[in-house]
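Trainee: Given next are the chains, with one letter for each unit.
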Amino acid sequence: MNIENIDMIRKEFKSLILNETVSHNELYLTVKKDVAVKLCDYIYHHFDAPLISMFATDERKIEGSFKVHYVFSFDREDAFIIIKIDVDEKSPYFKSITHRIPAASWYEREIQDMFGLVPQGHPDPRRLINFEDWPDGVYPLRKDFDISTKPPRVKGEYAYRRVEGEGVYEIPVGPVHAGVIEPGHFRFSVAGEPIINLEIRHFYTHKGVEKLFERLSLDKAVFLAERISGDNSVAHAVAFCQALEKIAGVDVPLRARYTRVILCELERLYNHLGDIAGIATDVAYGFGAAHANKLKEEILQLNERVTGSRMLRGMNAAGGVRRDIGDKKDEILLTLARFQRDFRELIELIFSTSSVMDRIETTGHIYTDTAKGLHVVGPAGRASGMDRDTRRDHPYAAYDELNFKVPAMKSGDVFARTKIRSDEVAESIGLIEQALWSLPEGDIRAEIRKIPDGYALGYSEAPRGEVIYWVNIKENRIERCKVRDPSFCNWLAIEYAVLDNIVPDFPIINKSLSLSYSGNDM
Amino acid sequence: MTVEDEIEIMGQRLNDRINKIFGRSLHIREVDAGSCNACEVEVTALSNPVYDIERFGLHIVASPRHADMLLVTGPVTRNMELALLKTYNAVPSPKLVAAMGSCACNGGIFGDTYASGGGVDRFIPVDVYIPGCPPRPGAVIFGIMVALDKLEQKIRKKEVRA
Amino acid sequence: MFEIIRKTLRTGSQTINYPQEPDEAPPGFRGKPELFQSRCTCCGECVSVCPPSVIWLKEENGEKTLTISYCGCIFCGRCEEVCPHGAIKLTQEYELASKTKDDLLARIGWRS
Chain A
434 MNIENIDMIR
444 KEFKSLILNE
454 TVSHNELYLT
464 VKKDVAVKLC
474 DYIYHHFDAP
484 LISMFATDER
494 KIEGSFKVHY
504 VFSFDREDAF
514 IIIKIDVDEK
524 SPYFKSITHR
534 IPAASWYERE
544 IQDMFGLVPQ
554 GHPDPRRLIN
564 FEDWPDGVYP
574 LRKDFDISTK
584 PPRVKGEYAY
594 RRVEGEGVYE
604 IPVGPVHAGV
614 IEPGHFRFSV
624 AGEPIINLEI
634 RHFYTHKGVE
644 KLFERLSLDK
654 AVFLAERISG
664 DNSVAHAVAF
674 CQALEKIAGV
684 DVPLRARYTR
694 VILCELERLY
704 NHLGDIAGIA
714 TDVAYGFGAA
724 HANKLKEEIL
734 QLNERVTGSR
744 MLRGMNAAGG
754 VRRDIGDKKD
764 EILLTLARFQ
774 RDFRELIELI
784 FSTSSVMDRI
794 ETTGHIYTDT
804 AKGLHVVGPA
814 GRASGMDRDT
824 RRDHPYAAYD
834 ELNFKVPAMK
844 SGDVFARTKI
854 RSDEVAESIG
864 LIEQALWSLP
874 EGDIRAEIRK
884 IPDGYALGYS
894 EAPRGEVIYW
904 VNIKENRIER
914 CKVRDPSFCN
924 WLAIEYAVLD
934 NIVPDFPIIN
944 KSLSLSYSGN
954 DM
Chain B
37 MTVEDEIEIM
47 GQRLNDRINK
57 IFGRSLHIRE
67 VDAGSCNACE
77 VEVTALSNPV
87 YDIERFGLHI
97 VASPRHADML
107 LVTGPVTRNM
117 ELALLKTYNA
127 VPSPKLVAAM
137 GSCACNGGIF
147 GDTYASGGGV
157 DRFIPVDVYI
167 PGCPPRPGAV
177 IFGIMVALDK
187 LEQKIRKKEV
197 RA
Chain C
10 MFEIIRKTLR
20 TGSQTINYPQ
30 EPDEAPPGFR
40 GKPELFQSRC
50 TCCGECVSVC
60 PPSVIWLKEE
70 NGEKTLTISY
80 CGCIFCGRCE
90 EVCPHGAIKL
100 TQEYELASKT
110 KDDLLARIGW
120 RS
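Taken in sequence, the protein lines are chains A, B and C.
Going by the numbering used here, the residue at position 44 of the first sequence is 477; the numbering climbs one at a time, nothing skipped.
Going by the numbering used here, the residue at position 95 of the second sequence is 131; the numbering climbs one at a time, nothing skipped.
Going by the numbering used here, the residue at position 30 of the third sequence is 39; the numbering climbs one at a time, nothing skipped.
Hints may be right or wrong, so weigh each one.
[What the hints assert, rightly or not] If we take Cβ atoms under 10 Å as the criterion, some of the chain A residues that face chain C in the derived model are:
| # | residue |
| --- | --- |
| 1 | 650 |
| 2 | 654 |
| 3 | 655 |
| 4 | 659 |
| 5 | 724 |
| 6 | 734 |
| 7 | 738 |
| 8 | 740 |
| 9 | 746 |
| 10 | 756 |
Because the hints were derived from the structure by calculation, they are not lab data.
Glycine included, every Cβ here is placed at the ideal spot set by N, Cα and C.
Based on the provided sequences and hints, a complete structural model is requested.
Mentor: Here it is as structure tokens:
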């Protein structure tokens with residue numbers, strides 16, 4: 434961690450910092466709750482450090498209060514600063530930072546719903562996760578809430594934003610959609626063809642995952658992490674396992690770290706192919722869609738031959754991986770060689786088809802300012818000038834030993850996002866080949882008998898963007914596990930991306946952002 | 037003839053009728069009742085060139101009102117319960133329901149909690165269970181064929197005692 | 010246009026003929042867990058590690074039974090991993106669709 438930065442913060446906030454602890458690359462600063470806004474604002478604007486996660490914990494039994502954590506990422510230094518504040522049960526309020534850091538909006542509403550801590554001055558204090566039929570005063574993530582209680586349904590109504598005026602029509606869509614996608618509600622306001630406002634309403638698939646983590650033992654919890662966002666299984670499992678390994682202070686064998694790279698990149702391949710197929714379908718380019726789907730299926734079948742699961746499940750465990758894939762080297766290389774040739778042909782065809790380009794160029798613009806303000810991550814962010822990639826900025830597994838480029842663009846339209854994906858496919862193939870050629874000999878798993886009490890961040894770059902876990906272990910059980918899926922950041926951007934576009938372009942924009950409902954809702 | 041026999045014969049007739057109705061083509065509406073989206077990946081794979089379920093006359097349609105069968109994934113979350121019931125009621129009778137994936141079968145790893153309902157059959161009647169996490173596309177095709185009585189189910193309750 | 014025709018012809022038909030012909034899962038696939046009564050010692054290891062808790066051990070009227078329900082099984086293979094005697098094995102069988110939940114149960118029992 435860069436000492437200069439810490440000194441600057443120390444100088445500025447001298448007497449206000451109550452406590453300071455460092456563990457690994459994480460610096461925890463405890464401050465009084467009324468200082469939080471100023472300190473967060475300083476870190477965010479002065480160091481250009483994005484807010485990557487924010488969560489509360491219920492520590493009433495141990496320390497007598499709730500805590501709210503703000504996690505900032507220092508990309509150049511591969512470090513994190515976590516601001517901690519105390520919030521007392523008797524006055525369950527803290528000052529909202531949304532007006533200074535827009536990305537905090539949903540996190541604060543989430544804390545309000547799950548812990549009953551109220552962000553004062555939040556511009557949109559409606560409920561987020563609990564629906565209108567959820568009774569007041571029941572907060573699922575508080576320790577005194579039992580996971581198996583079924584609170585009664587009460588009467589209530591959700592207040593949508595109203596857009597009024599001559600010729601303004603509302604189009605409600607969902608939660609059950611026409612395509613094979615997950616549930617969520619969209620409410621368009623249109624004047625003629627162009628969309629003038631979109632309001633999204635999610636959390637239909639809220640399954641209480643964070644609460645469930647606290648009930649499961651550590652080895653079972655890995656399987657739950659795999660099922661938070663099904664098509665990002667590896668990224669979630671890797672992030673979770675890395676948090677555990679960090680707490681345990683275990684060195685993961687090199688062979689396991691290389692294997693994790695291979696798994697992560699295989700996952701990226703089939704996800705990106707699926708997105709390209711989806712975009713081709715939505716612009717009515719059936720030929721491209723069929724070929725992209727065929728290529729995706731080839732990777733899924735390769736996954737099954739290599740790991741026994743099409744979604745690469747059941748491979749990761751705390752300490753390493755559960756299966757060795759070294760003997761499948763030739764098979765992977767052969768399949769990828771064929772895949773690469775087919776893919777290059779296909780993507781050239783797609784990008785040279787005028788009917789496709791006509792639909793995807795200049796559609797669904799996300800400006801760099803918007804992307805930065807909302808902290809848009811992954812390919813969507815990189816297409817809008819946010820040059821961030823966890824693999825490069827906070828290297829994990831074996832990424833620091835392998836060569837790869839991080840494609841970035843500035844135009845922020847559907848084309849840019851598709852182009853970033855197609856470039857990343859090429860990089861992923863390169864990464865898998867490098868990792869296979871230099872796959873070190875040795876164990877695939879370090880034994881972890883008992884994990885000591887402690888907390889740490891785990892992170893990885895999923896095909897959709899960075900996944901952040903914060904895990905707190907107490908007596909070999911999970912005390913709190915905060916999961917931040919990339920979609921949780923990116924969903925907000927869609928409300929801006931669709932503005933001034935026509936309704937028929939919405940599916941393309943949605944697909945190009947590749948958002949997971951389940952990862953968002955958990 | 038006893039009452040049981042009569043019921044059996046009626047059941048047989050009803051089955052024949054259903055087969056006649058659904059025999060040649062089946063329209064399927066997929067409903068995600070809170071799955072992790074891996075099942076959606078596999079449902080999408082059903083229409084890719086490799087599995088291509090359209091060759092059996094199986095179509096995935098856009099509205100429950102066009103459908104003969106609901107393919108439900110996910111453990112049925114508290115927030116999706118109402119939407120699932122409304123979708124079920126929108127499907128014209130006679131209708132079939134397939135619970136796809138382990139969560140839909142009995143809640144899977146999400147179990148029965150404040151937010152997760154613990155399986156589709158607690159909310160609507162289910163005709164066929166398709167276990168798997170997620171089931172391979174082949175397993176889904178097999179499940180649909182079992183629901184239509186075109187294939188015999190392979191698994192039977194097994195007890196070994198000593 | 011030429012390119013499209015060329016690619017289409019070169020790719021050819023990709024569709025597999027399932028279910029007329031079997032589509033076997035590759036070796037190493039994690040499918041239906043099979044119980045072997047003769048090897049099981051009722052130690053209960055598999056019961057405690059099962060993430061969705063679909064394996065139960067019961068003792069009733071002097072009879073011990075170990076039951077697994079494929080309904081809800083997430084095919085993680087933890088049971089196979091921890092079993093000290095190889096009494097539970099994941100097979101390549103994946104055609105598990107069933108009309109009743111009862112058919113998705115497998116049980117082994119002992120009289121003591």
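Trainee: With 10 Å as the cut and Cβ atoms as the points, is residue 734 of chain A at the interface with chain C?
Mentor: 8 Å, holds
Trainee: Closer than 10 Å between Cβ atoms is the bar; does residue 738 of chain A clear it against chain C? Give me holds or violated.
Mentor: Interface hint status for residue 738 of chain A: holds (4 Å vs cutoff 10 Å).
Trainee: Is the interface hint satisfied for residue 659 of chain A? The criterion is a beta-carbon contact with chain C at less than 10 Å.
Mentor: Status holds, d = 9 Å.
Trainee: Go through the hint on residue 654 of chain A and say holds or violated, using the shortest Cβ distance to chain C against 10 Å.
Mentor: Holds, about 8 Å.
Trainee: Hint residue 650 of chain A vs chain C: min CB-CB distance below 10 Å?
Mentor: This hint holds: residue 650 of chain A lies near chain C, its Cβ roughly 8 Å from the closest one there, short of 10 Å.
Trainee: Per the CB criterion, is residue 724 of chain A less than 10 Å away from chain C?
Mentor: 7 Å, holds
Trainee: Are residue 746 of chain A and chain C close enough, Cβ to Cβ, to be under 10 Å, as the hint says?
Mentor: At 7 Å from the nearest chain C Cβ, residue 746 of chain A passes the 10 Å test, so the hint holds.
Trainee: When the nearest CB of chain C is found for residue 756 of chain A, is that gap smaller than 10 Å?
Mentor: Holds. Min distance 8 Å.
Trainee: Tell me if residue 740 of chain A is really an interface residue toward chain C, meaning its C-beta lies closer than 10 Å to one of theirs.
Mentor: For residue 740 of chain A, the interface hint holds, since the closest Cβ of chain C sits about 8 Å away, which is under 10 Å.
Trainee: Holds or violated: is the Cβ of residue 655 of chain A closer than 10 Å to a Cβ in chain C?
Mentor: Check passed: Cβ of residue 655 of chain A comes within 9 Å of chain C, closer than 10 Å.
In summary, the structure agrees with every hint in the numbered list given earlier.
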